[in-house]
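There are 2 protein chains.
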Amino acid sequence: MSAVKTIEWKDGKVRMIDQTLLPRELTYLDCESVEMVAEAIRSLRIRGAPAIGVAAAYGMALCAVVSSSPTAGELRDELLLAKEILASTRPTAINLFWALDRMMRKASALQDAPLEQIKRELLEEAHRICDDDIAANRRMGELGAKLLPDPATVLTHCNAGALATAGYGTALGVVRAAVESGKRVHVYADETRPVLQGARLTVWELMQDGIPVTLLTDNMAAHLMRHQRIDCVIVGADRIASNGDVANKIGTYGVAVLARHHGIPFYVAAPVSTIDMNILSGDFTPIEQRAASEVTAPMGLPIAPEGAEAINPAFDVTPKELVTAIITEQAVVYPPYLQNLKGCLEQISDER
Amino acid sequence: MSAVKTIEWKDGKVRMIDQTLLPRELTYLDCESVEMVAEAIRSLRIRGAPAIGVAAAYGMALCAVVSSSPTAGELRDELLLAKEILASTRPTAINLFWALDRMMRKASALQDAPLEQIKRELLEEAHRICDDDIAANRRMGELGAKLLPDPATVLTHCNAGALATAGYGTALGVVRAAVESGKRVHVYADETRPVLQGARLTVWELMQDGIPVTLLTDNMAAHLMRHQRIDCVIVGADRIASNGDVANKIGTYGVAVLARHHGIPFYVAAPVSTIDMNILSGDFTPIEQRAASEVTAPMGLPIAPEGAEAINPAFDVTPKELVTAIITEQAVVYPPYLQNLKGCLEQISDER
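Each protein sequence line maps, in turn, to chains A and B.
The opening residue of the first sequence carries number 27 in our numbering; numbering runs sequentially from there.
The opening residue of the second sequence carries number 27 in our numbering; numbering runs sequentially from there.
Since the hints were derived computationally from the structure, they do not count as laboratory data.
Here the structure is a predicted model, which is why all the values come from computation and not from measurement.
Glycine included, every Cβ here is placed at the ideal spot set by N, Cα and C.
Mixed in with the good hints there might be a few duds.
Derived DEER-like restraints, expressed as beta-carbon distance ranges [as the list claims (entries may be wrong)]:
#1 B:S69 to A:D176: 53 to 63 angstroms
#2 A:K368 to B:D176: 23 to 33 angstroms
#3 B:Q315 to A:Q315: 32 to 42 angstroms
#4 B:L327 to A:E206: 28 to 38 angstroms
#5 B:P291 to A:P291: 56 to 66 angstroms
#6 B:S114 to A:H288: 26 to 36 angstroms
#7 B:P291 to A:P362: 31 to 41 angstroms
#8 B:P291 to A:H153: 36 to 46 angstroms
For the chain B half of the interface with chain A, some residues (derived, Cβ under 10 angstroms), not all of them [to be verified]:
#9 A135
#10 Q137
#11 L141
#12 R226
#13 Q234
#14 T240
#15 V298
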């Protein structure tokens, strides 16, 4: 299940599915420079917080591998510049900054090593970030799958699937693990305007896997919850504040309010690398504002009068009170989040 | 303000704006037969509960005017057939059935009159329905405008404007009246997937009038309510049950839940012809299910994988508990609705 290779290192390049072309065509993009990786992130050819983290890690590795710097010091300067370029692509997903920091820490630890070793080990570190992400998703899936009844109907928003990660997925990883354990799961997928990751990506990857999925426009979720049994909502996250507030794709907050109104559990599935212990609440999350044209002319098709004004925040924040539990690869974390997320992270430090 | 002529009788034909072409082009469609009017309603060239009612009335008048029936009896048979054709177009908006019934009652009252008089008076009745609708909207506007502070930010869903009525609008009539009274009003317009009446029609007609309007995707409403001062939500209605439950464009129910969560008043503006005293609750409203292709390929542009399954209920029901008040041309009606809507209707009977 889930043979989709969202991103990989191939023949000295960073290969990724160009997700802007899905579901129309499955085309791979081979990035040969940091700038190409940065452009791919900025223009949503690759998206989803964990996938962005992996792309950034491979971007740093690519910088090192193709570098012609004659000394470790000059390579370090190149890496610092690459970090800056990649960090400037998108502000909300913390996995991006987490992966960049991890790659720079590795580079610092290797500063006295021979150039070839630095290049090799940075690539190995990127591979490890990629492999760890898939492993984390599988573990998240196992833990989360136990929360689903059999049969289960799950509503999801945006794409927190294999395409949003190195593979398997976070929210959809939970669905996949439940299906693999023999449960019958039906997914309802919000189309997720403006960029339609639900319609284009979630429906596509679930259909690839033969998991039953029904598409709805975002504004049908309330009607669906009132008339159809929805057992739970599962979404991903771009950043989780220390208090448990969750930043995720625009529209997530509305779904959480609706879930609460209808007494439906609202789960967030995300690796611990998504947790930002440096912010006290979600209100401190930088929210990316994207071009109004994504709203006024989706996929290039004008739907509003010329000159129409539009807002386009790419993310929103769901306050912790509306989050039933956060499914991480360490544990299913319940409130109080400030205490329990901290405990979850300390457990990892202990293990290392 | 509001020079838009949504529908009119012109040179022996029913002329209407083809709203499927807005905002790209402003094109008029001249209907020469009942079938053309029915097709226009079915394919959303004209939409909005009050406008559908007016279109149906003119459709009946057209049937009479172009008829070559030699006797009143045969004309009556033609009218009954026309009524059936028009009634089968769309199930949810009660104004359609209300207008058809009113035209048939007129025809029955005239059954012994000369053919030419029947034709003339049926056309006059349709004109009256059209004029009454505009007058009702202006009165609704006056009453509703008093509910708005100055300045005011209003969120609306779908199009309950001049284009949804014979002119001036219901929800947007309230906005227009407030602006005419000197209040500064800023409208936030949900785009209203799948057919995008908010993006295409509400934004267009407000821009025509120079009223400030900002477009958002449906899933941004919750974020907006949390971060921007929204003074109230105003929407139209396709049918209001005797208990105050409101059937309106899909997504309305979700907006009502969000408004309640954020402590924002939720108003419905609709003429009394929208009230259906024959149903006890909104759960008895027939909800039109439209083609999945409106969801999977908006405006003909495929956004989902081929073969994707989708739901497409065109309307939802907002339970009375979430409705702060119903603005009619008779009065602003507050709960308890069963009692107060009845009182509102009895007042009209008394006046007649």
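Here is how each hint holds up against the structure:
1. B:S69 to A:D176: 53 to 63 angstroms: Because 43 angstroms falls outside the window, the suggested range is violated.
2. A:K368 to B:D176: 23 to 33 angstroms: violated (48 angstroms)
3. B:Q315 to A:Q315: 32 to 42 angstroms: At roughly 36 angstroms between Cβ atoms, A:Q315 and B:Q315 fall inside 32 to 42 angstroms, so the hint holds.
4. B:L327 to A:E206: 28 to 38 angstroms: holds (35 angstroms)
5. B:P291 to A:P291: 56 to 66 angstroms: Cβ of B:P291 to Cβ of A:P291: about 30 angstroms, so the range 56 to 66 angstroms is violated.
6. B:S114 to A:H288: 26 to 36 angstroms: 34 angstroms Cβ-Cβ, so the 26 to 36 angstroms window holds.
7. B:P291 to A:P362: 31 to 41 angstroms: holds (34 angstroms)
8. B:P291 to A:H153: 36 to 46 angstroms: 56 angstroms Cβ-Cβ, so the 36 to 46 angstroms window is violated.
9. A135: violated (41 angstroms)
10. Q137: At about 44 angstroms, which exceeds the 10 angstroms cut-off, the nearest Cβ of chain A leaves the hint on B:Q137 violated.
11. L141: Hint violated; B:L141 Cβ to chain A Cβ min 46 angstroms, cut 10 angstroms.
12. R226: holds (6 angstroms)
13. Q234: Holds, about 9 angstroms.
14. T240: With a closest approach of 5 angstroms, the B:T240 hint holds.
15. V298: Because about 26 angstroms separates B:V298 from the closest Cβ in chain A, which is outside the 10 angstroms limit, the hint is violated.
The structure fails hints 1, 2, 5, 8, 9, 10, 11 and 15 (numbered hints given earlier, in ascending order).
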